[in-house]
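Protein chains in written order, with numbering that gives the first Met the number 0: chain A, 0 to 433; chain B, 0 to 433.
I should point out that these hints are in silico values taken from the structure, not numbers from a laboratory.
Just to be clear, a hint being listed does not mean it is correct.
Stated by the list, open to error - Cut-off 27 Å, straight-line C-alpha distance, at most; resulting in silico cross-link-like pairs (DSSO-like, lysine-lysine):
1) K95(B) with K328(A)
2) K337(B) with K101(A)
3) K244(B) with K377(A)
4) K188(A) with K199(A)
5) K374(B) with K244(A)
6) K181(A) with K196(A)
7) K4(B) with K188(A)
8) K95(B) with K368(A)
9) K101(B) with K95(A)
10) K101(A) with K4(B)
11) K368(B) with K101(A)
12) K101(B) with K4(A)
13) K95(B) with K377(A)
14) K377(B) with K244(A)
15) K95(A) with K377(B)
16) K95(B) with K11(A)
17) K95(A) with K328(B)
18) K95(B) with K4(A)
19) K337(B) with K387(B)
20) K95(A) with K11(B)
21) K101(A) with K377(B)
Protein chains: 2
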Amino acid sequence: MTESKLSTQPYKGTRDFYPDEMQQRRWMFDHLRQVIGSYGYQEYDGPMLEPFELYAAKTGDEIVNEQLYSFVDRGDRKVAMRPEMTPTLARMVAAKGQHLQKPLRWFSIPNLWRYERPQRGRLREHWQLNVDLLGVEGVEAEVEIIQVAIDMMRGFGASPVDFEIQINHRQLMNDVFEQVLKLDASQTKAVARAIDKRAKIAPEAFQTLLSEAGCSPEQIAELENFLTAPLLEIGKICGESQGYKDLIRFFDTVNALGLGPVCRFNTSIMRGLDYYTGIVFELFDKHPDNRRALFGGGRYDNLVGMFGQTQMPGVGFGMGDVTLMDFLKVHGLLPEVKAHVDILVGLFDAEMIVQNQQLARHLRSAGFKVESVLKHQKLGKQFELADKRGIPLVVLQGPDEALLEQVSVKDLRTGAQENVHMENLIDWLQAQLA
Amino acid sequence: MTESKLSTQPYKGTRDFYPDEMQQRRWMFDHLRQVIGSYGYQEYDGPMLEPFELYAAKTGDEIVNEQLYSFVDRGDRKVAMRPEMTPTLARMVAAKGQHLQKPLRWFSIPNLWRYERPQRGRLREHWQLNVDLLGVEGVEAEVEIIQVAIDMMRGFGASPVDFEIQINHRQLMNDVFEQVLKLDASQTKAVARAIDKRAKIAPEAFQTLLSEAGCSPEQIAELENFLTAPLLEIGKICGESQGYKDLIRFFDTVNALGLGPVCRFNTSIMRGLDYYTGIVFELFDKHPDNRRALFGGGRYDNLVGMFGQTQMPGVGFGMGDVTLMDFLKVHGLLPEVKAHVDILVGLFDAEMIVQNQQLARHLRSAGFKVESVLKHQKLGKQFELADKRGIPLVVLQGPDEALLEQVSVKDLRTGAQENVHMENLIDWLQAQLA
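With the sequences and hints as input, model every part of the structure.
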């Protein structure tokens with residue numbers, strides 16, 4: 000045995016989930032699964048490792064160059080730990096192509112890896128719910144995906160004042176860049192990046208970024224006018240843009256469904272990933288202590304086609320567990336979730352271990368959740384253990400009870416203790432626990 | 000967009016879980032969780048990456064040198080993708096040490112990585128149920144762990160003729176090696192390795208391995224005598240060994256619990272990992288087409304102590320999803336598991352998408368699982384879609400029905416179609432689906 004003492008800390012930017020934290024995580028995911036399942040979405044999963052090229056192709060530069068966990072395996076293949084799930088989804092869909100019955104309503108809750116400086120809401124390993132609807136071209140797909148997102152938040156008890164979904168359209172932005180502002184390709188990228196930062200920097204700093212991108216004062220004025228215009232005004236600027244038409248149809252539908260109050264058009268929403276082609280959105284926390292994007296998504300119509308098979312339109316979003324947990328905490332929506340055991344089978348003395356085990360087996364086969372005491376200690380200590388674990392009933396059988404075919408049951412919620420005949424025990428316990 | 004075509008295949012030795020396979024995986028894990036939960040075990044999880052040293056210290060040489068996925072991260076830390084869960088468990092327990100209420104009954108279902116040549120039952124990424132009981136010194140812990148394993152198998156519908164648990168004791172083997180055969184340390188390792196291979200090689204090959212390990216003909220004869228002796232005979236050879244005493248007590252208890260028929264003493268069970276200290280066991284499939292170990296485990300009393308804090312005894316096992324799935328398949332114990340959706344809300348014509356979505360929302364809020372048709376196609380096609388997906392009811396509302404505040408419901412199980420008033424719809428549907 001080695002004498003050097005190993006650290007007990009988890010790897011930087013990752014978490015250990017002890018049973019209490021794991022209960023919370025499961026509570027959160029089960030909750031999400033329930034809402035998503037009510038829309039008919041089916042769960043899928045893929046491998047933790049993917050070929051490096053899968054991300055080099057379409058994921059944003061920052062992730063690939065600065066944040067990707069990649070290495071060469073023992074067989075000389077360059078592989079990466081998945082930083083996001085959408086490329087895996089696209090690969091899987093492309094692999095089965097025509098054989099899958101459309102539309103596909105799929106979701107997954109993978110763990111993802113990014114080499115980040117750990118900070119509030121950002122860790123190196125996090126879990127991310129991914130919800131995707133593939134095979135639908137019209138904005139009905141976006142409407143459904145936004146409904147799923149809203150219903151998830153509502154399912155946790157969030158009210159419309161707690162969050163807001165901000166919506167934009169990539170095609171609208173491209174049309175404005177190219178047809179209205181007449182920017183060239185290199186300017187477009189820099190301007191898009193400046194818009195992405197706009198909410199976080201001073202107006203002067205934003206204008207400086209635009210100047211550096213080669214925008215003239217006229218272009219800057221026109222862009223500022225566009226960025227602050229309400230959606231209907233934008234119809235006058237570029238009413239022929241498919242992006243504008245999609246947004247009008249989208250907002251008409253969500254308004255008719257009564258979801259208007261949590262949806263807002265915002266030209267600053269760009270989304271960093273390269274593969275979005277249509278409507279993009281981000282869900283924001285409106286709490287003053289936590290004002291930031293919780294998650295986002297959008298339409299990616301060309302991603303499946305990059306595998307050279309059939310093209311397939313898609314819309315989806317990814318929601319991280321860390322930011323969601325922060326949201327639930329800051330809004331007081333996280334209940335105390337405790338593991339649940341019905342009965343502790345105590346040990347009267349060390350020699351009665353077989354009886355204790357038989358009794359525990361008997362109760363488990365009747366459907367109870369049962370812990371049993373494996374090492375003799377004073378009965379007071381055994382009751383204390385049950386109490387600390389929140390186990391309501393302690394069942395004990397000493398030699399006297401065994402002779403009478405009875406057990407003694409202590410109810411820690413009331414302190415009452417009673418002898419019960421083995422014949423009636425199951426019914427009696429069921430009544431106590433009902 | 001890049002023109003080079005990416006492969007749609009998953010990384011070698013890993014699997015894509017499409018919804019059907021994912022349903023199977025979830026069915027299997029939910030099943031395991033239910034049995035384990037009935038014993039009061041609580042779920043935990045740890046990070047996918049751990050410091051390399053965590054495995055270098057105690058995991059077997061073959062895994063670390065030939066099979067470990069390890070690399071240096073962007074911060075120059077040597078890290079490894081976990082090849083097994085027990086070191087993470089030991090680290091987590093050591094970190095909280097005294098603050099955890101003993102005994103600990105913990106389980107986890109992590110995905111694990113080993114660089115293996117993919118073959119039947121062995122993949123590079125697999126999921127492994129880990130069940131561990133920490134803080135109990137006596138063989139009562141082993142008895143409980145074996146019960147959990149047996150109940151899991153029975154829970155899947157396996158009968159006692161389908162599997163067998165073979166049991167040995169590391170301390171007994173060490174005592175035989177040192178006190179009976181008088182082997183030195185280097186011989187012990189080679190002999191242990193030979194015993195590990197014994198079941199798979201010819202008797203002569205086994206004897207050759209022992210000779211090469213430096214065993215005399217007398218030692219070989221004595222060893223063969225020991226290896227084939229029933230447990231009670233071994234009492235005559237080394238009755239003072241703690242290993243022998245533990246085994247006697249263990250078998251007395253499992254026999255008293257009626258579990259004797261699936262438990263068998265077998266001196267060939269060595270277990271590859273370095274950290275076992277007491278009873279070790281493997282569960283074997285008895286099916287003629289699949290004769291092999293499904294999983295195994297044992298006692299590891301010194302693992303938590305390697306972090307320099309308190310020592311804590313532990314017993315546990317790890318069961319892989321690939322081998323378990325093979326077992327269920329070969330024994331015909333894998334049911335067809337299908338995703339379940341109650342209702343498809345059809346789309347009468349493209350203009351009625353808002354009504355269709357409102358109707359779907361209404362039904363979901365009443366607790367139904369509802370898919371909705373987002374793109375208009377002939378009604379016959381919509382019924383066909385529902386049928387293929389196994390959705391029993393299709394609900395439709397055209398302009399005539401809307402005017403009468405009715406919907407039309409088609410039951411695909413019977414072919415019957417009926418108009419139902421919105422006021423009675425929820426109750427009516429509940430009755431149909433009951």
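How the hints compare with the structure:
Taking the CA atoms of K95(B) and K328(A), the gap is about 24 Å. The hint holds against a cut of 27 Å. For the hint linking K337(B) to K101(A), the alpha-carbon distance of about 17 Å falls within 27 Å, and the restraint holds. Distance hint between K244(B) and K377(A) is fulfilled; the C-alpha atoms sit about 26 Å from each other, no more than 27 Å. Between the alpha carbons of K188(A) and K199(A) the distance comes to roughly 18 Å, so the proposed pair stays at or under 27 Å and holds.
Taking the CA atoms of K374(B) and K244(A), the gap is about 18 Å. The hint holds against a cut of 27 Å. Distance check on the hinted pair: K181(A) and K196(A) sit about 21 Å apart at the alpha-carbon level, within 27 Å; holds. Pair hint K4(B) plus K188(A) holds up; C-alpha atoms about 25 Å apart against a cutoff of 27 Å. About 26 Å separates the Cα atoms of K95(B) and K368(A), which keeps this hinted pair within 27 Å; it holds.
With a C-alpha separation of about 49 Å, the suggested pairing of K101(B) with K95(A) is violated against the 27 Å cut-off. Restraint check: the Cα-Cα separation between K101(A) and K4(B) comes to about 23 Å, which is no more than 27 Å; the hinted pair holds. For the given pair, K368(B) sits about 18 Å from K101(A) by alpha-carbon distance, which is consistent with the 27 Å threshold. With a C-alpha separation of about 23 Å, the suggested pair K101(B) and K4(A) falls inside the 27 Å cut-off, and the hint holds.
The hinted pair formed by K95(B) and K377(A) meets the criterion: a straight-line CA distance of about 25 Å does not exceed 27 Å. At most 27 Å may separate the alpha-carbon atoms for a hinted pair to count; K377(B) and K244(A) meet this at roughly 26 Å. A hinted pair counts as satisfied when its Cα atoms are at most 27 Å apart, and K95(A) with K377(B) qualifies at roughly 25 Å. Under the criterion of a C-alpha separation no larger than 27 Å, the hint pairing K95(B) with K11(A) is consistent with the structure, at around 18 Å.
The suggested pairing of K95(A) with K328(B) holds, with an alpha-carbon distance near 24 Å, which does not exceed 27 Å. Distance check on the hinted pair: K95(B) and K4(A) sit about 16 Å apart at the alpha-carbon level, within 27 Å; holds. A C-alpha spacing of about 12 Å is found between K337(B) and K387(B), which places the hinted pair at or below 27 Å, so the restraint holds. Taking the CA atoms of K95(A) and K11(B), the gap is about 18 Å. The hint holds against a cut of 27 Å.
A threshold of 27 Å between alpha carbons decides the hint, and for K101(A) with K377(B) the separation of about 15 Å falls inside it, so the pair holds.
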